[in-house]
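Trainee: Chains as they are written, first to last, in our numbering: chain A, 7 to 319; chain B, 7 to 319.
Honestly, the hints are just simulated from the structure, not real lab data. Quick caveat: nothing in here was measured; it's all calculated off a predicted structure. You can trust all of the hints, since none of them are fake.
Restraint ranges, calculated between C-beta atoms of paired labels, are given here:
id	chain 1	residue 1	chain 2	residue 2	range
1	B	Gly-35	A	Asp-296	41 to 47 Å
2	B	Arg-302	A	Thr-108	40 to 46 Å
3	A	Leu-314	B	Leu-15	39 to 45 Å
4	B	Pro-248	A	Arg-316	45 to 51 Å
5	A	Pro-318	B	Glu-119	19 to 25 Å
6	B	Pro-23	A	Pro-227	54 to 60 Å
If we take Cβ atoms under 10 Å as the criterion, some of the chain B residues that face chain A in the derived model are:
id	residue
7	Gly-55
8	Trp-273
9	Lys-277
10	Gly-310
Even for Gly, the Cβ is constructed at its ideal location relative to N, Cα and C.
There are 2 protein chains.
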Amino acid sequence: MILGRDDRLAARQRVAPRIHRTPVLTCDGLDRRAAARLFFKCENFQKTGSFKMRGASNALGVLCESDPPTAVATHSSGNFAAALALAARLRGLSAFIVMPRTATAAKRDAVREYGGKIIECDPTLEARETTAAEVSAREGAPLVHPHNDLPVIAGQGTATMELLDEEPDLDAVIAPVGGGGLISGTALAAHYFGRDVKVYGAEPAGADDAFRSLQAGRIVPSVDPDTIADGLLTSLGPNTFPIIQQHVEAILRVEDSDTIAAMRAVWMRMKIIIEPSSAVAVAAVLNRPDLFEGRRVGIIVSGGNVDLGRLPF
Amino acid sequence: MILGRDDRLAARQRVAPRIHRTPVLTCDGLDRRAAARLFFKCENFQKTGSFKMRGASNALGVLCESDPPTAVATHSSGNFAAALALAARLRGLSAFIVMPRTATAAKRDAVREYGGKIIECDPTLEARETTAAEVSAREGAPLVHPHNDLPVIAGQGTATMELLDEEPDLDAVIAPVGGGGLISGTALAAHYFGRDVKVYGAEPAGADDAFRSLQAGRIVPSVDPDTIADGLLTSLGPNTFPIIQQHVEAILRVEDSDTIAAMRAVWMRMKIIIEPSSAVAVAAVLNRPDLFEGRRVGIIVSGGNVDLGRLPF
Chain A
7 MILGRDDRLA ARQRVAPRIH RTPVLTCDGL DRRAAARLFF KCENFQKTGS
57 FKMRGASNAL GVLCESDPPT AVATHSSGNF AAALALAARL RGLSAFIVMP
107 RTATAAKRDA VREYGGKIIE CDPTLEARET TAAEVSAREG APLVHPHNDL
157 PVIAGQGTAT MELLDEEPDL DAVIAPVGGG GLISGTALAA HYFGRDVKVY
207 GAEPAGADDA FRSLQAGRIV PSVDPDTIAD GLLTSLGPNT FPIIQQHVEA
257 ILRVEDSDTI AAMRAVWMRM KIIIEPSSAV AVAAVLNRPD LFEGRRVGII
307 VSGGNVDLGR LPF
Chain B
7 MILGRDDRLA ARQRVAPRIH RTPVLTCDGL DRRAAARLFF KCENFQKTGS
57 FKMRGASNAL GVLCESDPPT AVATHSSGNF AAALALAARL RGLSAFIVMP
107 RTATAAKRDA VREYGGKIIE CDPTLEARET TAAEVSAREG APLVHPHNDL
157 PVIAGQGTAT MELLDEEPDL DAVIAPVGGG GLISGTALAA HYFGRDVKVY
207 GAEPAGADDA FRSLQAGRIV PSVDPDTIAD GLLTSLGPNT FPIIQQHVEA
257 ILRVEDSDTI AAMRAVWMRM KIIIEPSSAV AVAAVLNRPD LFEGRRVGII
307 VSGGNVDLGR LPF
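Only chain A is shown next, with the shape it has when bound in the complex (with noise of 0.2 Å):
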């Protein structure tokens, strides 16, 4: 395993001139409401609307350095699907993307408009698994996995690089929890760059595997999760669980109704669009003044892709 500073410098040099370096936002009425400074990392702003595309343009970058292939392949439902298809773009490779044939006109919609081809398959993760390894063994195209490989997960963490060489003094930082990708590039920089900072997870507590899974010291899969956040239905990864468990200070879960209305308050006040998924570590945050008050807490706003015709208010 990789997981040293080097490799989160490297990737930060690999990925700089592929990505937005995205602004980081400060709101004084969400400052009044949690009696706390908030730095609201915005990876909204990102290229394809989130953070994924760190992750996909290092991965990339790794692959490139020593035998460059001429496709990649992956699955994903959501927005890493459409972050592999223009990083992959932007090297002249072609990227076989295996989305589930229930994913949303406007997930593939994306994935097109950035040059990606899609491949159909049964919306179950071994079918989605079962696929990728076909296309990507008939297409001789490397699989990158969506939160689990180690460059992605070093790819991610360059968004906390970011915020902590514009404000070094933070005390936490937070970030959404899916499969683990972001929230252990999170650790890992916080470990190496920050200065003694606190890394905290959002979970929604209708797929709240990752903290069911720190309880039980072994990876619970996510089964049947419910929840308004569709970013963060996946499971944690072998890599993953590992680096949450030694670096994150603790998951805090988070009802959906608190997630709708940090997603509103931040659209109102900020003037920004967050999904659904951003917002649980808003609502986090709002939640734990125990933990977070007078705190100068960092916020990973991970991502802006909404269904604009399915909103929840």
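Fit chain B to the known structure of chain A by using the hints.
Mentor: Below, chain B alone, put in the same frame as chain A:
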């Protein structure tokens, strides 16, 4: 009339410590659609969510330089109401805000949140003006007109001054037209501080009193305006009309369907919340490649105050 270059500079100095210097954003996707380079001056991120904070701050600054009042008054059903309330509070003044009893709960709440005192009146222009004059006399509170006062106009122009600092080589600037305070201030700022910048106004086709006024050569008031752009219902005033006549290249009319599509495009592409009145200006640029193709175009994004419960998509 005080319409000189020095008044712009004084306004800028007056408002700078009391407002946000808002960011100028760009968007490759919208640039491609417009076949132009667009620079979005984001007054949706301004205090109180709109550019109106600039004009209110400058007007109060001018008042306080001579014989400081203890209170001020205005009539407004929208963004100026909240802006004057906050600008007054920041100077320790009371603010009496005459609002039609049809004003939405969200608009009232904003005024109250900033400490403004609401006086209700019938929803006619005559009732608003009469009530405001009464309140002003009774409370010894100078009346600040939402768009016709010269210091208000100068204040609104400071957005364009900031924009030109960052992008001195703009070919054009466009702003929405309601009562004309923003477009007048924009036009004077571009005249004094731009390098041959053409200024355009964007107006809903269903509230095109500025277009018709320019054609007629006299102020043609707005009668029964019908548009989703609820910030652009008012008519030009005696101060704004001549400035527009002299300094604005053309008024571009936009159908509501194009406004809604442009609003949706900005929300989805840029992940920022803009109100319909701002989307009118974006739509005007997208509609008129004959004017804007290949140009560097500044767009004044006037505000981001929307009712999330009543979105047009």
